[in-house]
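**Student:** Number 417 in this note's numbering belongs to position 387 of the sequence shown; there are no gaps in the numbering.
It is worth saying that the hints were derived from the structure and are not from the lab. Heads up, a few of these hints could be off.
[To be verified] FRET-style restraints, in silico, Cβ to Cβ: (1) W54 - K342: 30 to 40 angstroms; (2) Y369 - A454: 21 to 31 angstroms; (3) A424 - L234: 31 to 41 angstroms; (4) V270 - Y369: 32 to 42 angstroms; (5) M366 - D435: 19 to 29 angstroms; (6) L377 - V331: 10 to 20 angstroms.
Just so it is clear, CB atoms sit at the ideal spot from N, CA and C, and this is done for glycine as well.
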Amino acid sequence: MSIQEAEPPGPRGWSGFVLTESRWLRFATFTAFYFAQGVPIGLLTIALPAWMAQQGRTIEEIAGYSAVVGLPWGIKLVMGPFMDRFTYLRMGFRRPWVLLAQFGLVVSFIAIALAGDLSSDSLTGIITLGFICNAFAATQDVAVDGMAIDVLPLEDRGRANAFMACGQRLGFAAFGALTGTLLVMFGLTVAALTCAITVGLIFLLGAVVLERPGEKRLPWTRGDASGVERATETGMLGYVGRLVGVLFMPMSLLLIFVEFLNRVRDGYAVVILPTFATTEFGVGTDVYTQFNGGIDLAAAVVGVCIGPFIDKAGAKRFLLAALLFSGVIHVVMALMAEYWQEPAFVLPIWIASVFSGQVIFIAIIAMFMNICSPAIAATQFAIYMSLANLSRTAGSGILAQVGSDVSFESGFLTMGLLLLAAAAFLIFFKEEKSVT
31 MSIQEAEPPG PRGWSGFVLT ESRWLRFATF TAFYFAQGVP IGLLTIALPA
81 WMAQQGRTIE EIAGYSAVVG LPWGIKLVMG PFMDRFTYLR MGFRRPWVLL
131 AQFGLVVSFI AIALAGDLSS DSLTGIITLG FICNAFAATQ DVAVDGMAID
181 VLPLEDRGRA NAFMACGQRL GFAAFGALTG TLLVMFGLTV AALTCAITVG
231 LIFLLGAVVL ERPGEKRLPW TRGDASGVER ATETGMLGYV GRLVGVLFMP
281 MSLLLIFVEF LNRVRDGYAV VILPTFATTE FGVGTDVYTQ FNGGIDLAAA
331 VVGVCIGPFI DKAGAKRFLL AALLFSGVIH VVMALMAEYW QEPAFVLPIW
381 IASVFSGQVI FIAIIAMFMN ICSPAIAATQ FAIYMSLANL SRTAGSGILA
431 QVGSDVSFES GFLTMGLLLL AAAAFLIFFK EEKSVT
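Please put together the full structure from these sequences, using the hints given.
**Tutor:** What follows is the structure, given as structure tokens:
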């Protein structure tokens with residue numbers, strides 16, 4: 031689909047908030063939407079595991095929590111086809127799904143706030159509510175990714191991915207630090223309500239911005255479908271056949287496996303890192319989340335800056351370098367346990383790991399987007415991202431089963447070897463055009 035890049039002359043009122051008519055509005059809007067996705071990550075994936083570790087929860091308990099709460103990201107396998115085939119075009123191709131998911135996020139955070147108790151011996155309650163919250167977050171993720179593929183021209187995708195990754199990292203960095211502090215000072219109720227208010231404000235942005243001129247902002251306002259023609263499959267068999275064809279291309283399978291190795295590492299990290307920080311390194315939940323948030327914020331800014339270079343030099347080069355670098359520093363961390371009490375040793379490695387992780391995230395998303403077939407892009411990309419997130423859940427699930435036998439040394443070594451293996455397989459990746 032061709033997108034006109036000429037900026038409209040002086041938008042008036044709300045009529046100027048149209049994604050296809052402004053590059054910088056696209057960047058700003060997708061950054062905000064990804065920020066909203068980072069909010070539940072900050073609370074559920076960063077702050078709560080650190081808080082649990084500080085409260086004496088075991089690695090097996092934290093890993094079990096992380097594995098179950100992360101499962102809803104697999105909903106993308108179900109939601110992608112619905113979003114490709116069932117739309118309310120008068121409000122846009124993807125925007126209705128974005129609004130629905132954001133509203134669900136707000137309600138989920140309010141439910142967590144009303145529950146507001148982490149003192150129980152059982153984690154069933156917070157696991158259930160976290161699962162529901164992440165289900166809406168995953169739904170929004172699919173909708174936003176599909177919208178991005180639909181309205182972003184190819185030459186802007188690397189830069190847009192950098193902004194989107196920046197938004198998500200800003201979200202979970204800020205809310206990892208903020209909710210970690212609020213958990214210590216006021217408890218879960220205040221932390222969750224803060225998340226609900228923030229996502230609610232971003233919901234208002236989604237209600238204002240249009241995908242294309244003339245569409246409805248809300249179901250009861252004026253507007254109509256844009257009339258943009260899209261390549262779609264009319265029969266389910268043809269749709270599934272095309273989807274299977276592009277997913278099982280050799281380079282598609284290779285990139286899936288590379289991301290699998292990287293995300294299994296992430297599944298280990300989401301449990302091992304906060305546990306290491308609060309038990310071995312000796313910092314509290316608030317200090318850990320604040321420090322981690324500061325690093326993430328800086329990494330987000332750097333990620334935006336390197337976006338144009340990824341467009342020009344190629345995502346594969348950046349991904350390969352980042353995987354190699356991150357793998358090496360994880361191995362170094364594992365082999366030098368005698369220095370784990372030294373901030374001068376631990377903190378630089380921690381910082382380098384976060385920065386390289388941001389490069390990995392941006393580069394591999396750009397590579398997945400580039401091999402998507404336009405007619406089924408939302409479903410194809412959603413499957414890629416769903417498999418990636420399920421791989422992370424698998425990593426946490428494995429750790430939940432073997433946690434009692436995993437030391438910090440073996441954990442860091444395993445993470446490093448996974449990244450180095452991913453780099454080794456990536457060497458064989460070659461760009462190949464997807465089915466159109």
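**Student:** Give a verdict on every hint.
**Tutor:** Evaluation of the provided hints:
no.	hint	result
1	W54 - K342: 30 to 40 angstroms	violated, 20 angstroms
2	Y369 - A454: 21 to 31 angstroms	holds, 28 angstroms
3	A424 - L234: 31 to 41 angstroms	holds, 37 angstroms
4	V270 - Y369: 32 to 42 angstroms	violated, 53 angstroms
5	M366 - D435: 19 to 29 angstroms	holds, 22 angstroms
6	L377 - V331: 10 to 20 angstroms	holds, 19 angstroms
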